[in-house]
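Enquirer: Sequence:
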Amino acid sequence: MFVGKALAAVLTAAGVLLQDAIAHSVKRNPLSTVARIEDVVIQTTSHRVHAHSSFDVTFALSPTRQKVRLSLEPNHDLFSGDATIQYLGADGTVRNSKPIDKRDHRVFKGESFVQLDGESQWRHAGWSRINVRRDGEKPIFDGVFTIYDNHHHIQTKTAYRQTAVSGDPGLDDVDDDEYMVVWRDTDIQPTDRDELRRDLGSAATCGSDELLYNRVENNIVYRSLEEAAQDANSWRMSPRALFGRQIDSTPGGNGAGVNLANSIGSTAGCPATRKVALVGIATDCTYTAKLGDGEAVTSNVIQIVNAASQLYENSFNISLAIGNLTISEATCPNSPPSTAPWNQPCSDSVPIQTRLSLFSQWRGQWSDNNAYWTLLSTCGTGPAVGLAWLGAICQQGASTRDNETSASANIVVRTSPEWLVFAHETGHTFGAVHDCVDQTCNDGSVTRQECCPLSRGTCDAGSQFVMNPSTGNSITRFSPCSIGNICSFLGRSPNRLGCLTDNRGVTTFTGAQCGNGIVEHGEDCDCGGADGCAGNFCCDPTTCKFTSGSVCDPSNEECCTPQCGFQTNGTVCRPSTGPCDPQEVCSGTSAGCPTDLTAPDGQSCGNDGLACASGRCTSRNLQCRTFMGADATTSCSSSGCRLSCHSSQLGPNECFVYNQYFLDGTPCEGGGKCSNGNCQGGSLWNRIVEWINNNKQISIPVFCVAGGLLLLAIFSCCWSCFSRRRRRRVPKIPSPPPPRGWNASGGAVRTPPPMAQPGASYAPVPGQDVPPQDMRWEPLRTRSFRYA
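Residues -23 to -1, 1 to 765 (mature numbering (1 follows the signal peptide of the UniProt record, and there is no 0)) make up the sequence shown, in order.
Heads up, simulated EDC-like pairs for lysine to aspartate or glutamate below, C-alpha to C-alpha not over 20 Å straight-line:
no. : residue 1 : residue 2
1   : K134      : E155
2   : K252      : D479
3   : K44       : E15
4   : K115      : E15
Derived from the structure by calculation, the hints contain no laboratory data.
Generate the whole structure from the sequences, applying the supplied hints.
Expert: Next comes the structure, spelled out in structure tokens:
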């Protein structure tokens, strides 16, 4: 009894200490440079796009004039089928609610390309996620794209100024119109305190680490570890149990409940087919006021989720989609309403931990299909910009312990890059711990399984991955250890994947609607209503029919002139993007550009094994370098179609297999080619020849030894045959009979001749030969008979 009270007292005291310790995510360091985006062209005939457009956009980055091309298609997975927006009043009641119409939001995903000086071809450089706010001659969009694994963050002038920190470069206004700027991860000035820096005092930790829910034995992340420890050492109490953090037999605690080093790079537990995690997002009054209105909030939320989803799709085969969006009024209430206690102005009396706890209490009241909820706010604690409950994905309801209410929720404070903080806190919700840094490698955290090492042989992850405690200038993806951490955690219980939905895509719109910019059944043209058709004399915006004398509409057809007639034969309607994608030209008899044809897969297009694949000049090594952004990166092997790469970033002799595939048409084993992640068309003979070529250090000695043995066997066989033939050809010489009168004992004996018998004569016996008289006598030979 005394021991129990003492233990309770220690736990209470520890809880007070942990609550008083403020640990947080802090704002990034100042930027060294910011570039303006210039010469932006949407590569459609009308320079306009709609929610279902697939198109390219080109631009240049000042002052270097680096040319960039983004090849984009609609992101149909960003909204659930019944996604809704509800507007919350200051009293906490819902004032209005409406479904999210996907046609109102031009959200795209795709790939990025660069054009180097002196070259006409475009080189594949990474991925892109874009939200188009305005199209036409002066388009405006925001989002993120990568060039060789370096994030390029696109912001409007207004958004950049809202999220700028002290020391950021200023912007020169040449006019009052909105424009776009871009900055890179490598533009963040490096110091010890960056955007995702987490520290407790002087130690680098995360605010999420210090939430009591994340440290107690009831947290599902650590429960399995404690059970393992109790099984292995049932007689011993873990010292860390006094402070609520459980250990396993290895020992330690993490999101998977397993030895983190043993699960590095393993995707076991993650879904084999694409799943969608629905996210509920709420904004408090401070966030809405910062962005201006509900429309701006909606657009910004879409951009955040669109960009973060890229990381989860590539790493875990899980898309992030908006299930619900709750937008508070811009005017904050005088006192927080009981129905939404989290919706209140920033105050020192309401630190970020308390705000998350209040939001979790509200979230726990709702029964929905969302995997988790995120609160967007401008209220941090000091420099804190994010907090999350560890491993709370798919939990229903809420639980309260020691004045903390936890649920499947996290909080993200308005900053830049906001989407990366959102991805980081979502990682905690999915069960991820931090990557190891120098301090946690030395203080025993890695031994206790409380941080993710780079590899089995290297502890420090190098500050280069999403779950790193501090952001650097090269954070573009999850570490192999974090991938194993999250997948192992999800796979340990079916409930952790139970709230994820199937990748349903988007339902095709039914019924034609003139003026939406989409040419549908029964329409000749659709230039987008009266505003979109301004200056268009070929299409009637009210009927979506050609005007008198018109045969085409240049707003939707590449081979149509502004005079509403066909372009002449040979006019380039789709320029070449490289040696594997030749240009297409108009026929002169049709308004449509011919089908986009590419060079055959496998056709050589350069040195170093470059060959065409899906219209790109690439190789397995080049695809790995593009993905990893490191010159030392190579493909692990020439077999298989899952992206598998060696890189110095992953540690020596480490090969990591990613949750995505090589391009269709990429060579694979046996002379085959990749198709939808499978190697097809290979043969056994080609595989043997390929193995020989790829393993000459083994095959050459083996073939030398085998060839020598074969020659020895052939020589031995020939010698044996030659020897047998010689033995058959040499006749046996019979031994001569002993001379007459020879005594076997060695003396000569005279033998009298036989005496003749009177009247007797030697008559031949039938069948017997009589020896000639002039030859020695030999025994009579008898003829053998065979019986039937």
